[in-house]
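We have chain G already, so just place chain L on it with the hints.
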Amino acid sequence: MLNIRQFFARPTLWGALVLVGLAVAGCGPAPLGTGWPSISLLNSECGGKTTESIVVSYNDRIVQVNPADGTPVILKDAQCVNRPPDDQGKPRPWDFRPTGNKQFYTAPLPLDNGKMLAISYDQRLYTIDDTLAQATVADGRAIDGYSGHAVTDMVADADFIYVALNAKDVVALDRNTLDVKWKTATDHGVWSKPLLVDGTLYFTSLDHFIYAVDAKTGNQKWKIDLGGAATGTPLFANGKLYVGSFARQVFEISADGKILNQKPTSDWVWGTPAIDNNILYVGDLGGSLYAFDTANNLQQVWVQKVAAGAIRATPLIVDDVIIVGARDQKLYWLNRTDGSPKTGPDGKPLVRELTAPILSDILLIQPSDSVAIPKPYIVVSTTSTTQLLAAYTLDNGESKWSYNFQ
Amino acid sequence: MWDLILNPFITVLTVLYQFFNSSVIAIILFTILIRLITYPLTAQQTRASKAMAELQPELKKLQDKYKNDREKLSQEQMKLYREYGVNPIGGCLPLIIQLPIWIGLYQAISHALAATPLQLLDLSGRFMLPGLDRLVPLNNIWLGMDLTQAPTANPTYALIFPVLVLITSYLQSKMMTPPAAPSEDGKPNQAAAMTQSMTTIMPLMMGMFSLSFSVGLSVYFIVSNVMGIVQYARSNKNKFTWASLLPFKLNSGAPKPVPLPVGPGGKSTLKAKLEAERAVGPMSGTTITDDSDNDSNSDAKSNGKASESRVKSPKAKPAK
Numbered sequence: 066m067l068n069i070r071q072f073f074a075r076p077t078l079w080g081a082l083v084l085v086g087l088a089v090a091g092c093g094p095a096p097l098g099t100g101w102p103s104i105s106l107l108n109s110e111c112g113g114k115t116t117e118s119i120v121v122s123y124n125d126r127i128v129q130v131n132p133a134d135g136t137p138v139i140l141k142d143a144q145c146v147n148r149p150p151d152d153q154g155k156p157r158p159w160d161f162r163p164t165g166n167k168q169f170y171t172a173p174l175p176l177d178n179g180k181m182l183a184i185s186y187d188q189r190l191y192t193i194d195d196t197l198a199q200a201t202v203a204d205g206r207a208i209d210g211y212s213g214h215a216v217t218d219m220v221a222d223a224d225f226i227y228v229a230l231n232a233k234d235v236v237a238l239d240r241n242t243l244d245v246k247w248k249t250a251t252d253h254g255v256w257s258k259p260l261l262v263d264g265t266l267y268f269t270s271l272d273h274f275i276y277a278v279d280a281k282t283g284n285q286k287w288k289i290d291l292g293g294a295a296t297g298t299p300l301f302a303n304g305k306l307y308v309g310s311f312a313r314q315v316f317e318i319s320a321d322g323k324i325l326n327q328k329p330t331s332d333w334v335w336g337t338p339a340i341d342n343n344i345l346y347v348g349d350l351g352g353s354l355y356a357f358d359t360a361n362n363l364q365q366v367w368v369q370k371v372a373a374g375a376i377r378a379t380p381l382i383v384d385d386v387i388i389v390g391a392r393d394q395k396l397y398w399l400n401r402t403d404g405s406p407k408t409g410p411d412g413k414p415l416v417r418e419l420t421a422p423i424l425s426d427i428l429l430i431q432p433s434d435s436v437a438i439p440k441p442y443i444v445v446s447t448t449s450t451t452q453l454l455a456a457y458t459l460d461n462g463e464s465k466w467s468y469n470f471q
Numbered sequence: 012m013w014d015l016i017l018n019p020f021i022t023v024l025t026v027l028y029q030f031f032n033s034s035v036i037a038i039i040l041f042t043i044l045i046r047l048i049t050y051p052l053t054a055q056q057t058r059a060s061k062a063m064a065e066l067q068p069e070l071k072k073l074q075d076k077y078k079n080d081r082e083k084l085s086q087e088q089m090k091l092y093r094e095y096g097v098n099p100i101g102g103c104l105p106l107i108i109q110l111p112i113w114i115g116l117y118q119a120i121s122h123a124l125a126a127t128p129l130q131l132l133d134l135s136g137r138f139m140l141p142g143l144d145r146l147v148p149l150n151n152i153w154l155g156m157d158l159t160q161a162p163t164a165n166p167t168y169a170l171i172f173p174v175l176v177l178i179t180s181y182l183q184s185k186m187m188t189p190p191a192a193p194s195e196d197g198k199p200n201q202a203a204a205m206t207q208s209m210t211t212i213m214p215l216m217m218g219m220f221s222l223s224f225s226v227g228l229s230v231y232f233i234v235s236n237v238m239g240i241v242q243y244a245r246s247n248k249n250k251f252t253w254a255s256l257l258p259f260k261l262n263s264g265a266p267k268p269v270p271l272p273v274g275p276g277g278k279s280t281l282k283a284k285l286e287a288e289r290a291v292g293p294m295s296g297t298t299i300t301d302d303s304d305n306d307s308n309s310d311a312k313s314n315g316k317a318s319e320s321r322v323k324s325p326k327a328k329p330a331k
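Protein chains in written order, with the numbering used here: chain G, 66 to 471; chain L, 12 to 331.
Same shape as in the complex, but just chain G (with noise of 0.2 angstroms):
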């Protein structure tokens, strides 16, 4: 046993303690990985050319890469000139990373005047040059009287920047002052990005309900119980709203709030429906993917199970070809009539494994005059900072190139 002295004479033990305990106690890094990558594309204009570049999103960073080629977007002047390299003549990259540790969840959004909106994990909003890279404040500006976490896109109209929260609300915010307008409550943290369609904001709620709120006030027009918590953002077509839920359900709802058909699926629901020619395609994270008509009730078309893992994303439908990600870390090219392995040029199925689950959205470049390519692309990201962006043809799958966080 250690008598009184010894016990507190030893400074180094204790000084060692002191840093081990700030560099864990919040002083070191936050933790990573807790997400995936928002991915998404941004027009921007520069020097009178319109240029364009994927948006990354993903931990501590805000990254833009050049679509054709996967290289780093240069970070350029006022006058839209590339700046110069730095001191040890390496390329200045566009890339936005406050201090502080912050997280980024989602992508930001595009505002005016060549601005654009980021909100991080823990809720500061990063108005940021899209020329520049820069912050208009430093270390951003809260909402204002919320805590807690953002963890989905943002969605805006001519007045207001609409933001849900994990705090169980969604905000409308001014979009010139970002003051906030009216908020919504729920009884849940909110993971979907509301769906803005004709004045009515839609959102869904880990409280298991879909709301409908009036855009312009926040009032709510109607709420429905879908039986388990929801995540995705639903899905506007025909009149009709389509979303699935954690009760393994996938609904078909009426633009007045009453549920028109639903129907079983045999895991979660977590991401959004994608529609084509009356035919909804979602996934679930049992890795199978449904095909329902809308056109008869929500009949089920067909249904296969396509990965070992989650498929979380809205599945990406081209022609006649589904494309899919999982968490099994592999992409698939399935047939639409019947969501059977499309094949490869080799004559096998036609998928392509990456280094880690592909969590988020497949973007779809085309070919224009602002992205040099010879054939469409599809870019899909990965939870690896390693292979953070892979592009492959949409036809055959033949890998262009891949982007890692430098």
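No lab work stands behind these hints, which were simulated from the structure alone.
You may find that some hints are simply not true.
So the derived list for chain L, only partly shown, Cβ under 10 angstroms to chain G, looks like this [claimed, not checked]:
id, residue
1, D144
2, P148
3, D157
4, A164
We treat Cβ as the ideally placed atom computed from N, Cα and C, and that holds for glycine.
The following block gives chain L in isolation, referenced to the frame of chain G:
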């Protein structure tokens, strides 16, 4: 493979939540349940560790005697183990079995509270009973605190949790660590002193870690520590004193070693004591030395009496 542990744990935890409609009560009951289930392993581990600790003087003698003959040393050590019925790795096996259970318990609580998107995603498909899906996500607000967040991200009063983690961790590690005794040559026992330091360092680190852990996990740590303390105190109720848990002695000086009970001819009856422990459960962490001349310590007398009354051993004999 890991799912074999995690999925039942998450299922039980969620069933408890369904029954009591409280994440905190579910965590508390679940932790108590697991501690009770694993108690035989914990007790066995404690007994084995203590037996090894008590054999150390004998082993030291052998090491000195055969320091130039490793093969002979090994043979004599094994003979000693056989003679006293001690398995040198007897403390490891229960620990190895318990480790995945503890990790599973920790993981189950983290998953069930589902603070981040990946954790919630990972919760799918883990329920082994139908109907539990509708409980997700568990209500993680308790007394105004978000159980998924660290105390620093909660109201100020949530900082009581790291303090409680620190205190209970300290008490538990203090109980389970035998006091350091000086070596036979009178010099400080470095290994024992290091162990003593760990009883101070580890709780401090746990307290600091819990500043960044979620409050829900702090609840788990506190309950687990309290259960460990209660289990240990109950199994050592004859000899356990709360004063022994103080971080320092009120009177400075080296601890008084407690002599072993002696058998016929003044020989140590360590074997009888170990047999007695196996029969009745682990005894206290009092340091035992082979000091047959010291008959003034009342603990020694009680030790001897315990040995005599509980073990039908021809060598067992009360201390004078």
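Against the structure, the hints:
1. D144: Since the shortest Cβ distance to chain G is 5 angstroms, the answer is holds.
2. P148: With a closest approach of 5 angstroms, the P148 of chain L hint holds.
3. D157: This interface hint holds because 8 angstroms falls under the 10 angstroms limit.
4. A164: Nearest chain G Cβ about 8 angstroms off; hint holds.
Consistency note: the structure conflicts with none of the earlier hints.
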